[in-house]
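Participant: Single-letter residue listing:
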Amino acid sequence: MYQEIILDHYREKHHSGLRDPYGAQVQHVNPTCGDEVMLRVQLDGDRVVDVSYEGVGCSISQASTSVMSDLVIGRSVADALALHEEFTEMMHSRGELEPDEDRLEDAIAFIGVAKFPARVKCALLGWSAFKDAAAQALATTKES
Amino acid sequence: MSYDVELIRADFPILNRRVGEYPLAYLDSANTSQKPQVVIDAMVDHYERHNANVARAMHMLGAEASSAFEGGREKVAAFIGANRTEEVVFTKNASEALNLAAHTLGAELGPGDEVVISVMEHHSNIVPWQLLCARTGATLRWFDITDDGRLDLVGAAAENLINARTRIVSLTWVSNVLGTVNPITEIAAQAHAVGAVVVVDGSQAVPQLTTSVTELGADLVAFTGHKMVGPTGIGALWGRYDLLAALPPFLGGGEMIEIVKMTGSTFAPPPYRFEAGTPPIAEAVGLGAAAEYLGELGMADVAAHERAITTYALDVLQQIEGLRVLGTTSIGPEGRGGAVSFTLATRDGLDIHPHDVMTFLDSRGVAVRGGHHCARPLHERLGITASSRASFYLYTLEREVDQLVDALTYTRDFFGRVA
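The listed protein sequences derive, respectively, from chains A and B. Start counting the first sequence at 542; every next residue gets the next number (our numbering). Start counting the second sequence at 622; every next residue gets the next number (our numbering).
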């Protein structure tokens, strides 16, 4: 389950550090293990222009957040949320799903984690935070 | 008869399990202990032959079940050196026992009163007191720890932590993270001198040390069955009888009453006042068998083995480059519990998260716990978010500790390899 891609992202987290400006900021925690991420999303219309974050936690949660930020920045919110759905489905497949590498890119490395039920939540932490922050940022945009 | 770990392990069928190509090294007994065949058999026999409700069923099986349930209480009372069997209240676990203590002792607390706990407590000895203080307006105060993981008694004296306003002092006897053995008797004497009641969380201590509640100095002692080779679903609160008799009820329901009228009810004497509803009957039978099993092994020998295996583990673990043990790194005259928590980093200084450590160890047959071990304030005090914990018990072998050391070295080198 600990593929090279995961370790690379753990050692060199892409897009990490909290940046301005941002449309929404959320904090998500995994109370059973203490993994935490503070994550910001900045939208331009319906496009994700930045995702920035600070987190503490295991290599799976940290690397997954890094991979997620690579994937969603530059996409429309709708497409980014569709990726969230696809990733979540892969993580709940107990490792039996054949992931779409064209869509999920580095995130397919986490298919091995899907075989460890106790660790699935680690891989989903950053993605859940993104979904939450994107929805809040979108709501703020529509209000103004 | 000398203490023969291999012979003892034959009593625990689960210890024969394998994890893939590795033998299971179960080093998570501070989380829950494994169960000997006699405990499993006692519970199966109860369900197969004697099952009925207790106290209220008047038929033959009811009498057998009641006598088996009360027999469990007698064995537990004898095991902890209680003066009277009625001093043992069965609960569902140590958390419920501590909640019972907080609710009943705290019934008359108000603003200006103080409750004292410590930063090394398990959440189950923190949250009930936080809730109590929020309800009553009382103030929660904390013992800090020293850098080597002991209660900071000097700091506590300097800030007059235990004083005339102190109503309750609740402390763990043995830390579930640091293994520290706290000087309960000394602190109890201080607390009693100002008229405070002393509650002790004995969850980690009662399974490992010879317990004599009459000598400990505490007024109430909470502990749990599943950490002392007994079943889950049952714990206990021991209390001095005169104190228990003066406390109000906790949960209301069947079995805890004397007379119920529409205008109000009167309550049963201890321990029944605190045991509303059908209790954990088969679990009490199992816990009685567990207490008897430990008594036959001899708690002095169990404690000596715990000390020996912990000494060995502290020695070999500290030889691993990048591994740092939290708290006490040697066994002092007061002893040390068999839980060793640590952090692990690669040679180039990358901290390996405890959940990654745990998963790697699991894949090599070694079961440990990774996280904050229900002691988040303690980890915050130590400046870390989480740690890994290996914990040992009466069946732990040196070769299991060696398996842990090999797996840790492998993990460190895996994360440390240059990509």
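Since the hints were made in silico from the structure, they are not lab data. Even for Gly, the Cβ is constructed at its ideal location relative to N, Cα and C. Some clues are possibly wrong.
Said to hold, decoys possible - Here are some of the chain A residues that sit facing chain B, going by a computed Cβ distance under 10 Å:
| id | residue |
| --- | --- |
| 1 | Arg560 |
| 2 | Tyr563 |
| 3 | Gln603 |
| 4 | Val661 |
| 5 | Cys663 |
Participant: Against each hint, give a clear statement of whether it holds in the structure.
Facilitator: Results for each hint:
1. For the restraint placing A:Arg560 at the interface with chain B, the shortest Cβ-Cβ distance is roughly 23 Å, beyond the 10 Å limit, so the hint is violated.
2. Hint on A:Tyr563 is violated. Least Cβ distance to chain B is approximately 24 Å, over the 10 Å limit.
3. This hint holds: A:Gln603 has a C-beta 8 Å from the nearest C-beta of chain B, less than the 10 Å allowed.
4. Evaluation of the A:Val661 hint against chain B yields a violated restraint, the C-beta minimum of about 12 Å exceeding 10 Å.
5. The interface hint given for A:Cys663 is met, as the beta carbon of that residue sits about 7 Å from the closest beta carbon of chain B, less than 10 Å.
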